[in-house]
Amino acid sequence: MAVQNNGIREHWYDGILDALKIYIPGNSTFRSMRARNARTGTWFILPFIIGFLVFMCRPLVESLIFSFNDVTLIPGQGYAKSFVGINNFKHALLVDPEYNKYLTEEVGQMIINTIATLVISFVVAVILNQDFKGRTLCRAIFFLPVILSSGVLPGIEHQNEFYDMMSGMAEAMEGSSGVNISEALQDLLSVSGVGNQVFEVVFTMIDSIYDIVMASGIQIIVFLSGLQSISPSLYEAADVEGCSAWESFWKITFPMVSPLLLVNCIYTIIDFFMKNDNKVMELIYQVTYQDFKFGISAAMSWMYFAIALAFIGISSFIITKAVKSYE
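The numbering of the sequence shown is this note's numbering, which starts it at 1 and goes up by one.
Honestly, I wouldn't trust all of these hints.
Ranges of calculated distance between the beta carbons of each label pair, as one might list FRET restraints [stated by the list, open to error]:
1. 98 with 316: 29 to 35 Å
2. 233 with 31: 37 to 43 Å
3. 305 with 78: 20 to 26 Å
4. 228 with 70: 51 to 57 Å
The set of hints was computed from the structure by calculation and includes no laboratory data.
Predicted model only: the values in this text are computed from it and were never measured.
Idealized CB from N, CA, C, for every residue including glycine.
Let's have the full structure, built from the sequences with the hints guiding it.
Okay, here's the thing in structure tokens:
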């Protein structure tokens with residue numbers, strides 16, 4: 001056991017030492033291409049690292065402290081903390097009537113939307129990678145949701161009176177026609193013998209198609225960059241060997257792009273958990289700024305954060321075991 005522990009310890013030391021050699025001149029690792037690429041990437045993320053340490057690190061620690069305390073506002077003096085242990089977490093899970101319900105609903109919706117977003121973004125990226133007239137315009141159109149879903153525009157979308165009026169008119173027109181396409185299609189396919197749970201998942205995706213498309217812009221760009229990095233000579237060799245387009249897709253396109261599934265999956269999960277219309281986020285906002293229960297809201301936030309990390313870890317483990325990596 002001692003030998004095994006020493007081997008593990010030496011392995012970690014070697015990894016840390018190799019990482020430090022990338023940034024320390026005077027060694028062979030520093031002059032390698034991998035080290036130069038790593039230093040270039042570090043310069044790109046350095047503003048985020050500095051911003052996190054200066055602006056976000058302290059509030060993050062304070063919120064963790066709040067989650068184990070009962071925080072009381074004192075006018076003119078700030079706030080007072082009283083240690084309560086895990087009572088705030090118990091209140092969120094066992095007493096609050098909405099937290100568990102919203103958490104279950106949002107996690108289920110996140111799983112469905114993540115799968116649908118990855119599939120749709122990959123299919124759209126494959127289509128946009130083809131050579132056809134107006135390809136640049138189509139790429140710009142599919143990237144527009146990224147711009148429209150940023151900044152104050154989501155708030156305008158959900159709080160604007162004109163938007164509400166247009167939504168009401170659409171619902172009224174659908175009601176006056178007497179036909180609900182989603183329900184009619186569900187009734188038509190229900191006689192096929194497929195389980196109702198499958199239909200519920202499928203029609204949940206259909207009803208959420210607007211949100212899925214709005215959340216697919218970045219993923220499309222990532223997949224598209226991966227598709228463009230595939231050498232055309234691979235397809236030429238496959239064509240000479242007599243492979244069909246379908247076989248080339250599964251033997252070349254998908255395996256070469258599959259490592260990007262992890263990047264897009266992590267981004268999609270984080271993006272969904274941080275959406276403006278997320279019920280859990282709205283509940284945390286209400287508990288914080290309307291009820292002024294800072295300890296309970298901090299506990300809710302940390303549990304929500306832990307669940308997000310758990311899903312990222314599970315999806316990363318599954319994808320890394322399933323996909324292939326190529327140098």
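Each hint tested on the structure:
no. : hint                    : in the structure
1   : 98 with 316: 29 to 35 Å : holds (30 Å)
2   : 233 with 31: 37 to 43 Å : violated (30 Å)
3   : 305 with 78: 20 to 26 Å : holds (25 Å)
4   : 228 with 70: 51 to 57 Å : holds (55 Å)
Taken one by one, the earlier hints fail for this structure only at number 2.
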